[in-house]
Amino acid sequence: MTRPTRPTRSYEAPYLGVGVGLRPKHYPHILERAPTGDLGVDWFEALSENYMVPGGRPPRMLDSVRAHYPVVLHGVSMNLGSTDPLDDDYLDRLARLIARVEPAWVSDHLCWTGVGGRQLHDLLPIPFAEESIRHAVSRIARVQERLGRRIAVENVSSYMSFAREEMPEWEFLAAVAERADCGILLDVNNVYVSARNHGFKPERYIDAIPVARVFQFHLAGHSEQGLLLIDTHDHPVKEEVWALFEHAVRRFGAVSTLIEWDDQIPSFEILEAHATRAREIIERVATREGEAPWEGERSREPRSP
Amino acid sequence: MRESAPSTLVETQRLLWRLITAPEGVRPALEGEGDPEGLHLAAVIRGDARLSAVERLDVYANAYFFRILEVLAKDYPAIEATFGHDRFHDLVTAYLAAHPPTRFSIRYAGEGLAGFIADHADAAAVRDEFPWASDLAALEWAIIDAFDAEDAPHLTRDDLARIPPEGWGDLRFTLDPSVRLLRALWPVNRIREASDRGAPLPSVEREDTVILVWRKDERVFHRPLDRLEAACVGLVSEGATFGSVCERIALEVGESETPARALALLTAWIESGLLSSGV
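The listed protein sequences derive, respectively, from chains A and B. Start counting the first sequence at 217; every next residue gets the next number (the numbering used here). Start counting the second sequence at 1131; every next residue gets the next number (the numbering used here).
You may find that some hints are simply not true.
[As the list claims (entries may be wrong)] Below 35 Å or equal to it, Euclidean Cα-Cα: the simulated DSBU-like pairs (lysine-lysine) are: (1) LYS454(A) x LYS241(A); (2) LYS1346(B) x LYS241(A); (3) LYS454(A) x LYS417(A); (4) LYS1204(B) x LYS454(A); (5) LYS1204(B) x LYS241(A); (6) LYS1346(B) x LYS1204(B).
Bear in mind the hints are in silico, worked out from the structure with no lab data behind them.
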């Protein structure tokens, strides 16, 4: 059995395994088991803004988890697609958090969250057009220069599209990532939700994303509200999304995967069960015939206190 | 040289912001934009047989309001319990219209609520019906602020024991960064305590009350201070020496009682974690 050829990637994104979001509800459970590694997950994703506070429990908890597990920082406020100037104060605080946490990577969304100095606290889509690509690429380049690292940008789910779009979303995302030379956080559930809301085949989206750019997957649940699917992150992952995830793993191989659950958060055991199922799919599917599963360099990178 | 944003994208984003945040809703806001039929909007946002452009924007408009409403309900549980669900909904609608969020984190979306209730013309009716509401909001926000205030090592008895007693008079204590001292016109601490217990909220009469809020061991506490302790904590917060604090105590209890009273206060402050070790 020969080892599979490692996909050519233009950056290093170690395969961390399957992770879950770091949530206050689970702090006691995690604190108890983290020192012995007795958690059925391999890494944690922390919402950057929750830990960009002066002190108290959140940053202390993040330090405790980071001492035993790799952490990825995932933000919602970078506002990459906005026409406002980049928020230097936000980037400075994020840079300080990065220095403290030493994350495996940093991600945010390819969207806009506010304009005119005001925040919507939501993730709004950008028109898929050349002028938007140039705009987003310019901003991502400046962020990466400021932070001294590549970031991963996540595809958002959307409930509206723009009349003057020039290309499908997957071409837009791929073009931004290639021209900004950044990574992609491919949210498989968001692909499915947007596919249903806008009437395209989700597999077509997955198949168009450059393999070398994907740092990470998100897997999450959604809910139906009338004629739309809404990316609520408050339900188990739906079977259709598991199927799309399997399709993605077949194309991309083993990619660090996060079970994302932001609301109505269940017990940690339920997240572990989701992580187990994701891991089973990766180990079963991320092979080429006659070859061992490719998993790159599995990096736990625990950090000494 | 930084590229400026494309003007069409600027116009689009500003239009969408206005429509999504309009308190009256997307369709009435379109009339205010001079686009009652949504013709201009249709040139920006695609509608289809399933859902019109307005209906798709409604999804974002609802998400904007209800996401922030949920956060504010968690930040201000006693205010919500006081107002009830529908009145709280109306309060947040008026508040957001006057104070759209500007900070990058939704954690700060509610920071202006006490000031809005106290001063804004649109809150006049609220002030009439719930004259204590501004104080209550200020207390609840102080609790939020204390939760993630900067960390500092606490002053301990051992730290103090290392300083000869004759030197205590010149000491300037430092309050823990989480400490907040609220000067309220109403004893709203009783309302928040009842809310925390899930008990019926008490009615309150106007009564000048100083409320101390602080964090120790990742928990936030609050209690009312009597006049003397309020004055002493105030002096410490202004950088006064412990000698000045003792002089204030002496005015209240007399010279002979001052050492015991001062030591009791200092001990209580140390045990509560009110003082940081940056003496």
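Cross-check of the supplied hints:
1. Annotation: proposed proximity of LYS454(A) to LYS241(A) holds, straight-line Cα distance about 23 Å (limit 35 Å).
2. Between LYS1346(B) and LYS241(A) the CA atoms are separated by roughly 20 Å; this keeps the pair inside 35 Å, and the hint holds.
3. Between the alpha carbons of LYS454(A) and LYS417(A) the distance comes to roughly 16 Å, so the proposed pair stays at or under 35 Å and holds.
4. For the hint linking LYS1204(B) to LYS454(A), the alpha-carbon distance of about 29 Å falls within 35 Å, and the restraint holds.
5. Proximity of LYS1204(B) to LYS241(A) is assessed by CA-CA distance (about 15 Å); at most 35 Å being required, the pair is judged to hold.
6. For the hint pairing LYS1346(B) with LYS1204(B), the CA-to-CA distance comes to about 21 Å; that is within 35 Å, so the pair holds.
Hint compliance for this structure: no hint is broken.
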